[in-house]
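Participant: Chain by chain, the residues run as shown.
Protein chains: 2
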Amino acid sequence: MSVLRRGTNLPRMGDFNQSVILEAIRRSGEGLSRIELVDATGLSAQTVTNITRRLLGDGLIEEAGRTIKGPGKPRTTLRLIPRSRLSIGVHLDPAVTTVVLLDLSGAVIARSVRRTPATDPMHVIHSMADAIEALLSRAGVDRQTIAGVGVAAPGPLDADRGTVIDPPKLHEWHRVPLRDALADATGLRVALEKDTTAAAFAEVWTGDVPPDASLLFVYLGTGVGAALVLDGEVIRGRSRNVGEVGHIIVDTDGPQCGCGRRGCVEVVCTPQAIVEQAERAGVLELGRSGDDAESVDGRLTALCRLAESGDSGALAVLARAAEHLSVLISALTNMLDVDRVVLGGPFWGRLAPVYLRELPDLLDRQSATREVRALPVAGSVVGDDVGAIGAGCVILADVLSPRASSLLLEGGAS
Amino acid sequence: MSVLRRGTNLPRMGDFNQSVILEAIRRSGEGLSRIELVDATGLSAQTVTNITRRLLGDGLIEEAGRTIKGPGKPRTTLRLIPRSRLSIGVHLDPAVTTVVLLDLSGAVIARSVRRTPATDPMHVIHSMADAIEALLSRAGVDRQTIAGVGVAAPGPLDADRGTVIDPPKLHEWHRVPLRDALADATGLRVALEKDTTAAAFAEVWTGDVPPDASLLFVYLGTGVGAALVLDGEVIRGRSRNVGEVGHIIVDTDGPQCGCGRRGCVEVVCTPQAIVEQAERAGVLELGRSGDDAESVDGRLTALCRLAESGDSGALAVLARAAEHLSVLISALTNMLDVDRVVLGGPFWGRLAPVYLRELPDLLDRQSATREVRALPVAGSVVGDDVGAIGAGCVILADVLSPRASSLLLEGGAS
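Chains A and B are the protein sequences, given in the same order.
Read in numbering that gives the first Met the number 0, the first sequence has 396 at position 397, and its numbers run on one by one without any break.
Read in numbering that gives the first Met the number 0, the second sequence has 140 at position 141, and its numbers run on one by one without any break.
Among the hints, a few may not be true.
Claimed, not checked - One-sided and incomplete, this derived list gives chain A residues near chain B with beta-carbon spacing under 10 Å:
#1 Ala225
#2 Leu227
#3 Asp230
#4 Ile234
#5 Cys258
#6 Gly262
#7 Asn333
#8 Leu335
Said to hold, decoys possible - Take a look, some chain B residues computed to stay more than 10 Å from chain A by CB distance:
#9 Arg53
#10 Glu61
#11 Val95
#12 Val107
#13 Ala117
#14 Met121
#15 Arg142
#16 Ser294
#17 Thr300
#18 Ala315
#19 Glu357
Since the hints were made in silico from the structure, they are not lab data.
Idealized CB from N, CA, C, for every residue including glycine.
Turn these sequences into a full structure, and let the hints steer you where they fit.
Facilitator: What follows is the structure, encoded as structure tokens:
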């Protein structure tokens, strides 16, 4: 007999409803009364009372004064205790390693940024552990409140083994057991996630998208990646490798790619590809420096500054880059029929002025559903630390976020 | 305050578990005992007893004898009553309109195929209603058992209005209110679905994929479309238009497309594009007939027969077509990280021999996760009526299939 769907039961339902209530309180900011929670979640007054009693007992929420609204009796506001649970987010990027300490609301309590050592992977992992310890002692938090460490790394990953397979620009990293090595070095629980997927968690957890949004997240890092959120749930994929879009063709006249074809995202849309286009167009001086992460970063900054100052050559290069990116985005949004596109990642801030001007029209023209509805495009509000913050949110989401799929009983082979 | 996630409650949980049990019984074929249902679903014996009592009372299942397994007392087998609920599936294709009558197990009780009249849309819809009535009276079924009519049509659709926007090769069809017009003409409840999405429902409902499969369905019809199943749930998209992949670039040297670019799926991978490539290569005689649906169909059949007989030119054209299709499939599977690819649709049967030989290697070479896992490729087992059968399954699934998302309470604005 084949594997069958599992049912659900009362304890599962209770866990789910508890996380629904906690998320409603978390998202409200200044807090909600029990009556407001009944309205917001559709749950009965009795269920809300029982669950909030449990959350108060666990120290995750607190009563924060009474308010009088209308003729009824005063309502007690229930508010998150942000410091009751913390998480650590780490973003391993070829250039820099960012570590953040988040509270339960997703707010950054402390952060540190260090150059990623160009040494062997184990040394990098120990340096990461040092950065975490330094941050914890600087912030002076109780280690018992740390729910875990999320690490965002470039994909593809082997999620089962917790290994990073072949991250670009980190040449010695082949099948490095990042998850277990960092857990050993810190004594903390570690979860490994793709940087792009982590960014989508940050967007859902701390961004201003509705909790049931379906969105395509386009991540502009050393590589260009994507992440997918459907009905508020981040889709990780069967092997946790959603979003490998580097070889989607976006320019039939584009340069040769290592894969054997021409015009792939990887050789057209990445920061390195864009600065090379600027060099070929004579907008940037040719061959001034190498193609390491730091140099590409500096040259892209120079290009974006030129565009900002009105340089028509720089503007043309970036407008063309936006057009190529629109081909990728349209391919994915027409396939996936999401309701919005959000762009982010370490290079987004610099590219945003030109991209946000160009993309909406480009995407509208290529939309298969333009007769039915619009496709809003926005930049992430999370900022350049989106990878690290997202990695921390993976831990918070795991603890607290309601996922309809978590309602199903485990197991299933029979 | 923003829209919040909804909780779940006991009646919702009961409905979900009932559909889990019904699906377990349906999928088992010859039936299951209560003990086997407990094992298969993870639900308690008491829950299984209560729910099966209700299903027996509703006439959806029956007790079908006792079996003795091991030393315990004999177990009563519970079996689906397939004729207790029926559905009608209609596939509107530019060439032919197929109507099927399905029982609750997804088996075809009766079918009819008629040429789609090349007349105005309202005439086509009335002809569709006539075909449904003829089928019902021929099959001699009780109209009360019909749960509804599912209509599969080429996208994009306006799901809210139940209209077909601009189906290819059906030139007079612009914003035709297919759903409501057919409901008026038949007096039955009608659901409208994209043909590609309907095909995915057929695969999940009647195919032999595991109930929690994540798969990309590639639909080879007049156009090439795709559908997505994640963790056993067919993903319809926010406007129910998932799978519009016609303008993903697959051949940088391909012909000009109406969209302004070159080498899109629409001008490379469709049956019409393939027969045109065969004509340019001198494998098929040039310009023997028009580009209407019927002529393309005949010429593709001729090309596939040539390949079957060992004609090297025909084989080369089809191998190249498989390679182009692999570029599309890889773009989508690398983005979506599904665990299998299933191909189907009206042209699949003819293309299968060459495509199933070529695709596995092509996809493996292009897989971003090939170091982590394999990506099985298979043909749909549903056959050429997949669109119509799928449309009928949309109705059955709506009535009976467990969807975790259905656990959430409705509403949500507050």
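Participant: The structure should be examined with respect to each hint, and the outcome stated for every one.
Facilitator: Taking the hints in turn, this is what the structure says about them:
{"no.": "1", "hint": "Ala225", "verdict": "holds, 6 Å"}
{"no.": "2", "hint": "Leu227", "verdict": "holds, 8 Å"}
{"no.": "3", "hint": "Asp230", "verdict": "holds, 7 Å"}
{"no.": "4", "hint": "Ile234", "verdict": "holds, 7 Å"}
{"no.": "5", "hint": "Cys258", "verdict": "holds, 7 Å"}
{"no.": "6", "hint": "Gly262", "verdict": "holds, 6 Å"}
{"no.": "7", "hint": "Asn333", "verdict": "holds, 4 Å"}
{"no.": "8", "hint": "Leu335", "verdict": "holds, 6 Å"}
{"no.": "9", "hint": "Arg53", "verdict": "holds, 14 Å"}
{"no.": "10", "hint": "Glu61", "verdict": "holds, 20 Å"}
{"no.": "11", "hint": "Val95", "verdict": "holds, 25 Å"}
{"no.": "12", "hint": "Val107", "verdict": "holds, 21 Å"}
{"no.": "13", "hint": "Ala117", "verdict": "holds, 24 Å"}
{"no.": "14", "hint": "Met121", "verdict": "holds, 21 Å"}
{"no.": "15", "hint": "Arg142", "verdict": "holds, 31 Å"}
{"no.": "16", "hint": "Ser294", "verdict": "holds, 26 Å"}
{"no.": "17", "hint": "Thr300", "verdict": "holds, 29 Å"}
{"no.": "18", "hint": "Ala315", "verdict": "holds, 19 Å"}
{"no.": "19", "hint": "Glu357", "verdict": "holds, 16 Å"}
Checked against the numbered hints above, the structure violates none of them.
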